[in-house]
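Chemist: As a plain string of letters, each chain reads:
Number of protein chains: 2
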Amino acid sequence: MRNAYLHQLHAVHGDLVDLVRLVHGALDRSTVALLEGDLAIAEAVIDADRAVDLLRERIEERSIELLSLQNPVAADLRMLVASLQMVGELERMGDLAVHVAKIARMRAPDPTLPTEAVPLFARMAAICQHMVARLEDVLVDVFENPTPDIARELESVDDEMDRLRGDTFRILLADSWQRDVEPAVDVALLGRYYERIADHAVSVARRIVFLTTGEQPVRG
Amino acid sequence: MRNAYLHQLHAVHGDLVDLVRLVHGALDRSTVALLEGDLAIAEAVIDADRAVDLLRERIEERSIELLSLQNPVAADLRMLVASLQMVGELERMGDLAVHVAKIARMRAPDPTLPTEAVPLFARMAAICQHMVARLEDVLVDVFENPTPDIARELESVDDEMDRLRGDTFRILLADSWQRDVEPAVDVALLGRYYERIADHAVSVARRIVFLTTGEQPVRG
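Chains as they are written, first to last, in the numbering used here: chain A, 1 to 220; chain B, 1 to 220.
The following block holds chain A by itself, in its conformation from the complex (with noise of 0.2 Å):
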């Protein structure tokens, strides 16, 4: 009985593990499609997110079985419970590289960013890539070698990504715009995407911390 609980406990963290890297991957692929107009991996993208729709669904309905079959305590209900909370925030992650995705292929082959906006928007994507590497690592290694600072390292990263949000406003109204208003709707829409995907991995990060030492991290 104590064997099977800890099976299960176990396979919810992997699948948690699983399911930061199908995130990871298609937030890599689905920058690759923005910054290439590559319209094959844009597509597999957004193939790709029934998987992680099933993955946030199994982890789901197994952490409340555990919750209510097994009345966990301690770090045991502190990984479900965030468990629970994590997994909403990483769904919507992947679902934010599908919109990033699904851009891309409206304007493939033809590059979807002007060619001003292409440095600003690879930089992006590299934070948010890197705050998502950071989470895959930290996440693997919880329970061995707990993080607490994951949370105030990761919301340091995101002071970049609201600078960065910042200046997408200002290549849009700057007078050397010369554009259409379409690409102006995408660069608007995209600087939103990236900055929430970031924000939620900030989520993730302060859920991990949680799991890690009970505690609630204090705002940033």
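Hints are computed from structural coordinates only; laboratory data are not their basis.
Treat each hint with caution, since some may be false.
One copy or two, either will do: identical chains are not told apart, so a pair holds if it fits within one copy or between any two.
[As the list claims (entries may be wrong)] Simulated pairs of lysine to aspartate or glutamate, EDC-like, Cα-Cα distance not exceeding 20 Å:
{"no.": "1", "residue 1": "Lys-102", "residue 2": "Asp-53"}
{"no.": "2", "residue 1": "Lys-102", "residue 2": "Asp-162"}
{"no.": "3", "residue 1": "Lys-102", "residue 2": "Asp-175"}
{"no.": "4", "residue 1": "Lys-102", "residue 2": "Glu-36"}
{"no.": "5", "residue 1": "Lys-102", "residue 2": "Asp-15"}
{"no.": "6", "residue 1": "Lys-102", "residue 2": "Glu-195"}
{"no.": "7", "residue 1": "Lys-102", "residue 2": "Glu-153"}
{"no.": "8", "residue 1": "Lys-102", "residue 2": "Asp-167"}
{"no.": "9", "residue 1": "Lys-102", "residue 2": "Glu-60"}
{"no.": "10", "residue 1": "Lys-102", "residue 2": "Asp-28"}
Dock chain B against chain A, hints included.
Modeler: Just chain B now, kept in the frame of chain A:
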């Protein structure tokens, strides 16, 4: 002991209802701020968001405490799991109302929206307000009068929302759009914000169905 537990469970339910009411108020006021270019009302929405955040934190803390100390089962457990899942969605709805208010504040006392987009946004806002009002009704009464159809009901309202979001792009990309980039960016982002408010309302409705029936509703 048992009485104290029931009292706390009751308090979580009461706080959830209050949270929905706060979000409803934020949505009503941000829409007035947007449609009437009312700076004071926009400021009021932005200031009131702190109360939403605090209430969310309190509900989370209480729910986790009850889960850890009381080993709740069946309907009580579902109530706490659903509340953990719903508060994040409700807080985001409040944040999105703040985003609407911030755009209104930036343009006030001028109207934010080009004339041709006003009826569309009035309708999008009305749908969101209707959805939140339904959540409020159903949640107040969730134990006495369960409403297992609420998810399907809001999903069908959400279909209209998706069509209206499409209409925002049609307005933006029409040949008749002779405006600057700035109002185009506003319209694109505002369309996104209202669409997301409606999406979150559907998610909350799905959590209410789980709370009521113990089943995760099939996605419509």
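Chemist: So, for every hint listed, does it hold in this structure?
Modeler: Going through the hints against the structure:
When the C-alpha separation of Lys-102 and Asp-53 is checked against a cutoff of 20 Å, the pair qualifies only within one copy, where the shortest distance is 17 Å, while the shortest distance between copies is 32 Å. For the identical chains of this complex, Lys-102 and Asp-162 are inter-copy neighbours only, at 16 Å across copies versus 23 Å inside a copy, given an alpha-carbon limit of 20 Å. With identical chains, the CA atoms of Lys-102 and Asp-175 are never at most 20 Å apart, being 29 Å at best within one copy and 23 Å at best between copies. Taking identical chains as interchangeable, the C-alpha atoms of Lys-102 and Glu-36 lie at most 20 Å apart only when both belong to the same chain, with a minimum of 14 Å there against 34 Å between chains.
For the identical chains of this complex, Lys-102 and Asp-15 are neighbours neither inside a copy (26 Å) nor across copies (38 Å), given an alpha-carbon limit of 20 Å. Taking identical chains as interchangeable, the C-alpha atoms of Lys-102 and Glu-195 lie at most 20 Å apart whether they share a chain (17 Å) or sit on different chains (17 Å). With identical chains, the CA atoms of Lys-102 and Glu-153 are never at most 20 Å apart, being 31 Å at best within one copy and 28 Å at best between copies. For a Cα distance limit of 20 Å, the shortest separation of Lys-102 from Asp-167 across copies, 18 Å, qualifies, whereas the shortest one inside one copy, 23 Å, does not.
For the identical chains of this complex, Lys-102 and Glu-60 are neighbours neither inside a copy (27 Å) nor across copies (35 Å), given an alpha-carbon limit of 20 Å. Taking identical chains as interchangeable, the C-alpha atoms of Lys-102 and Asp-28 lie at most 20 Å apart only when both belong to the same chain, with a minimum of 14 Å there against 32 Å between chains.
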